[in-house]
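In the order they appear, the protein sequences are chains B and Y. Position 383 of the first sequence, counting from 1, maps to 383 under the working numbering, and the rest follow consecutively. Position 120 of the second sequence, counting from 1, maps to 1120 under the working numbering, and the rest follow consecutively.
Note that these hints are calculated values from the structure, not bench results. Ideal placement from N, C-alpha and C gives every residue a C-beta, glycine not left out. Hints are not guaranteed to be accurate.
Stated by the list, open to error - Label-pair ranges, simulated between beta-carbon atoms: (1) R1262/Y - K48/B: 37 to 47 Å; (2) A1021/Y - E432/B: 50 to 60 Å; (3) P477/B - R1014/Y: 25 to 35 Å; (4) N307/B - V1287/Y: 53 to 63 Å; (5) W385/B - D1026/Y: 32 to 42 Å; (6) D1026/Y - D51/B: 48 to 58 Å; (7) M1254/Y - G319/B: 52 to 62 Å; (8) K1027/Y - K507/B: 19 to 29 Å; (9) K265/B - E1180/Y: 28 to 38 Å; (10) R1014/Y - D526/B: 21 to 31 Å; (11) K1323/Y - K507/B: 54 to 64 Å; (12) P1112/Y - E56/B: 32 to 42 Å; (13) K1027/Y - K492/B: 15 to 25 Å.
As the list claims (entries may be wrong) - PhoX-like mimics (lysine-lysine), calculated; alpha carbons at most 20 Å apart, straight line: (14) K11/B - K1090/Y; (15) K1048/Y - K68/B; (16) K41/B - K1104/Y; (17) K1022/Y - K492/B; (18) K265/B - K321/B; (19) K1011/Y - K8/B; (20) K1104/Y - K12/B; (21) K76/B - K1090/Y; (22) K487/B - K1090/Y; (23) K1104/Y - K159/B; (24) K430/B - K451/B; (25) K159/B - K1027/Y; (26) K430/B - K1027/Y; (27) K1011/Y - K507/B; (28) K1022/Y - K159/B; (29) K35/B - K1186/Y; (30) K451/B - K1048/Y; (31) K1011/Y - K73/B; (32) K250/B - K54/B; (33) K1288/Y - K1269/Y.
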Amino acid sequence: MAADGNTKPPKKLSLKENYAMLTRGLDWEPTYEKKEDIFQKIDFEGIKIHDWDKWEDPFRLTMDAYWKYQGEKERKLYAIIDAFQQGNGQFNVTDARYVQALKVFLNGIVELEYASHRGFCMLGREFPGAGPRIAAQMQSIDELRHATTQIHAISQYNKYFEGMENFPYQFDRVWYLSIPKSFFEDACTSGPFEFIVAISFAFEYVLTNLAFMPWMSGAAFNGDMSTVSFGFSAQSDEARHMTLGIEVIKFLLEQDPANVALVQKWIDKWFWRGYRLLALLATMMDYILPKRVMSWGEAWTIYYEENGGALFADLARYGIKPPKYADVTIKEKGRVSHEMWSVFYANRNALGFGIWLPSEEEMDWFSEKYPDTFDKYYRPRYEYWRQLEAEGKPFTCKVLPQLCQTCQWPCLYTEADDATEFVHRESDYKGEIFHFCSDGCKDIFDDEPEKFVHAWMPVNQIYQGNCFLPGVDPTAPDFNPMAEALKFMGLKPGVDGGLFKEHLDAKRWEQWTSRPANIHEGAYTDSVRSTETPTPRAKP
Amino acid sequence: MTVEIRTTGVKPIRNTFEHLAKRFGDKNATRYQEIAYDIQPLVNFHYKPLWDPTRDLYDVRRTAVVMKDWYALKDPRQYYYGAYTITRAKQQDALDRQLEFVEKRELLRVLPAAARQQLVKTLVPLRHYEFGANMNNSHMAGYGFGTIYTQAAMMNCMDRLGMAQHLSRIGLLTDGNTGESLTEGKRQWMEEAAWQGVRREVEHLFVTRDWFELHVAQNLVADSLVYPLFYQHFDAAFAAQNGSALSSLTDYLMRWYDETSRWVDAIVKTAAAESPENAKLISEWTVKWRDIWVAALEPAAAAALGDKAADVLAAVVAAFNTKAGKLGLKL
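Isolated chain B (complex conformation):
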C-alpha cells in the first residue's frame, strides 16, 4: 500500500531478476572523459567487439549471496584445517614421499593462483563492459582465495618437513620454478583478450580437470585431509570459472568473424603452453604419489582426448580447429613422465625435493600402464641406475641442462615419432640462436620473438654469473659455482634435494612415525620396528 494510491503489492523477483535489477545499468557511457582514455588496453590486440551487452555474466551472483556462500565454505574449510593441525594430521598421510609432492604444489602452484588473481583483477579494471568486469573481479577474488587457502592448508607441513619454508623467494629464482612463473607472466603481460583466452579457456576450461581431478583424488588416496578439503572447497569456484571460459570464447567468436583467426592462434599457443606446464603433473601422478589414482597416459586420454575432442567438435561451427600439435601430445603421453623423472633424477642435487628410483613393484605398474614404451626404453635405464646406486656411485648430471626459450623446461623431450632422439629446434633472431624443446615452443617464439627474448632463463643467468648472493667471491680458491647458485635460488645444498633415502624428511618421518618413509621401499632407518612390514597402512 503506497501513499500515492499505488496499492499493488511489490513485485516478487526471481533470483535472476533480482541479480539483473541490482546490477542493471550500473555502468554508463562516459561523457567527460573519452572512452579510449579510460579503457586503454582494449584495442591493441585487434579483437573486435561490437556489443559488450551480449556478454552474459555466467556467475549472476550478487555480493550478498557471494559473501554468504563463500563465508559458509570458509567456515567449514577452516574447521577442518584447524582439526588437521590440532591432530597432527601431517603424519596421517601415506608416507614422507607424498610430502615431496606437496612441495611441488606449494612452491609452484600457489604463486600461479596469486598471478591469476592479479591478472583477472587487471581485466576487472580494463574491460569496457560491466558484465565482464564483474565476472573478472569475482574470479580474481576467488583466485586470491585459492592462494590463501592453499598456504593455510600446507602451512602445517612446513613446520615438520624441509623445502617449503622459502616458497615465495624460490618462486622468483629456482630454475625449474621459472616454468610456472614464465607461464603466468606470459599471460599477464599479454593483452586482456589473450589473457582471458589463455587462462579462462585454454587453461581452466580445456586443461583444468586434468590438474584438478587426479591431484585431489591423489590427496584423498594418500590421506591428506587438509589438501583434499581445500580442493573440494575450491571446486565450486572452479565450476564458475570454467563457465566463464566457455562464455568468453563464444562471445569473442560471435562478435566478429575476424576474431576467429586470433582466437585460434591463442588457443594453439596456450594449449601447448598449458600442456608443457601440466607435464609436471605427469611426474606427480606417475612417480611421486605413493598411492596412485591413474596414470598420466590414462588421464590424458580421458581428460584431453575424449573431453577435449567433444569440446572442439562443438566449436567447429565457429571455424575453430583442435589445437595445433594436439597429435604430438598424444604421441608423447607414454613417455613424458619417464623422460621428466629421468631428468629430475639426474639433476636431483639442484631440486627442492627428494628423488628416488621406482621400485620393482612400481616398474611393474608402469609396464602395465605403458606397455608400448616402459619396458623398451625406461626399465633398462632405471635398472642400470639402480645398479650404480648399489655400487655406491649413483648417476648424476654434472652440467646444467639446456633450457627451452619458451616453456623453460630442459630440452628433455624426444621426437614425436622416435623415442630415442631428443627434440632440439633452433631459431635465429637478430643474429642470436635460441633453443626449443619442441615445434610447438619454436612456433610460439617465432610469432613473438621480441617478447620471448626477454625471458629470464635461469641456466643462462647462472652461467652469466648473475645468480650469486652478494658478497660471494668467484675468484676465491674454494668457490663452488653450483653450491653458490643453489644458495642464490633459496635451495639448501645437501638438504632440499638429493636421494630421498638420504633426505632429512625420510629420516625424521621414520623416527617420528615408525613407518617407512617410502612405502615402496623397505625401511631406510632402524627407527622403523623390524616387525613392521613395509606395506601401506590400512585404508581408512
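Start from chain B and add chain Y according to the hints.
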C-alpha cells in the same frame, strides 16, 4: 582406524615460513600474515608487458610514492579472504533482517510521494558512484604494489559492488521492485545538473593512473565527503521529516564506511610517515582532490539539503580536515 603417532618428542623443526620468520621471528604466524606478506613476485620478471613495456609486471614505479618496504602498509582489520567473507556474511545476515522489516511493512513505499522522490533522486544515483569506486579499486588492486595492500584493495573493490547493489535495493524497496527508481536514478546521474560535478569527477578518477593517488582521491577524499554527507547528514534531515525507516538501511553503509576507513586511513598514515617527500606529495594530492570534490558535491548537496547544504558541507569538510591532520597530512 586409530592413528598411533608417538607425538611425544615430535617437535616442529620450524614454526613458520622463512620470510615471516625474518619479519616477526620464528613463531607461529597468523593466517593474515601467511597470505599478506611477500607473496607477490619481486624480481626476475620474464617479459615486458605489451601494455606497458617500460615497466615490469609488478613495478613500484606505478606510483610516485616511495616506500622502503611496501609491506609496511598493514590492514588493521587483518583481513584475509576467510576472515573477510565470514565477517561480511555476518553483517549481511543482520542487514537482511532490516531489509525484511522494511520490506514487509513497506516502510519506504508508504512514504509520501515527495519524500520518495527525494530519496530516489538523492540516494539512488550513488549506486553509480559506488560502481565507479568498484572500478577504481580494481585498478589499485591490479596495479598496486605488494600483496598486503592489493588484497585489501581487492576486498574493497568487491565491497563497492556490494554497496552499489545495496543502494539498488533501497531503490527497489521504494518502487515496489519495478525498477522505476533505478531508471530515474540513472537519469539523474546522466542528466541532472545536481549530479554532473560528481559524475565528472568519477570519470576523472578513471583516467588517474597513479594507484596511490587514486587511493587518496577515491578512498580517502571522495568517500570521506560522500559518506557523511549523504548517509549521515541527508539521512538525519530525511528522518526528521519522515521517520527512521531509511536510517535502518543507511546505517549499514555508515558502519561499513567506519570499518573501511580504518584500513584507508592506516595506509595513508603509514605512507605519509615514511618520509617528508611522501607526506608532501600525499598532502598535495589530498588538497587537490578535496577542493575538486567539494566543488563537485556542492550542487548535489544543495539538491539534497536545500538551504542547509552549505553549512553541512562545511561541517563535513571541517571533519575531513581534522582527520587528515591526524593522519600526518598538512592541508
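Status of the given 48 to 58 Å range, CB of D51/B versus CB of D1026/Y
At 57 Å between Cβs, range holds.
Does 15 to 25 Å hold as the CB distance between K1027/Y and K492/B, or does it fail?
holds (21 Å)
Assessment of proposed distance window 37 to 47 Å (beta carbons of R1262/Y, K48/B):
Roughly 45 Å apart at Cβ, these two residues keep to the hinted range, so it holds.
Tell me if the straight-line CA distance from K1011/Y to K8/B falls inside 20 Å.
violated (69 Å)
Under the criterion that the straight-line Cα-Cα distance not exceed 20 Å, is the pair K1011/Y, K73/B satisfied?
violated (31 Å)
Regarding the pair K11/B and K1090/Y, is the alpha-carbon distance no greater than 20 Å?
Violated. K11/B to K1090/Y sits at ~27 Å, over the 20 Å cutoff.
Given the proposed pairing of K265/B with K321/B, does the C-alpha separation stay at or below 20 Å?
Within the cut-off at roughly 10 Å; holds.
Tell me if the straight-line CA distance from K1288/Y to K1269/Y falls inside 20 Å.
holds (18 Å)
For the range 21 to 31 Å, tell me whether the beta carbons of R1014/Y and D526/B fit it or not.
Since the Cβ atoms of R1014/Y and D526/B sit about 26 Å apart, the hinted range of 21 to 31 Å holds.
Take the C-alpha atoms of K451/B and K1048/Y, compute the straight-line distance between them, and say whether it is at most 20 Å.
holds (7 Å)
Does K41/B pair with K1104/Y here, judged by a C-alpha cut-off of 20 Å?
violated (47 Å)
Would you check the hint for K430/B and K1027/Y, treating anything up to 20 Å between C-alpha atoms as holding?
violated (53 Å)
The earlier numbered hints that this structure contradicts are 2, 9, 14, 15, 16, 19, 22, 23, 26 and 31.
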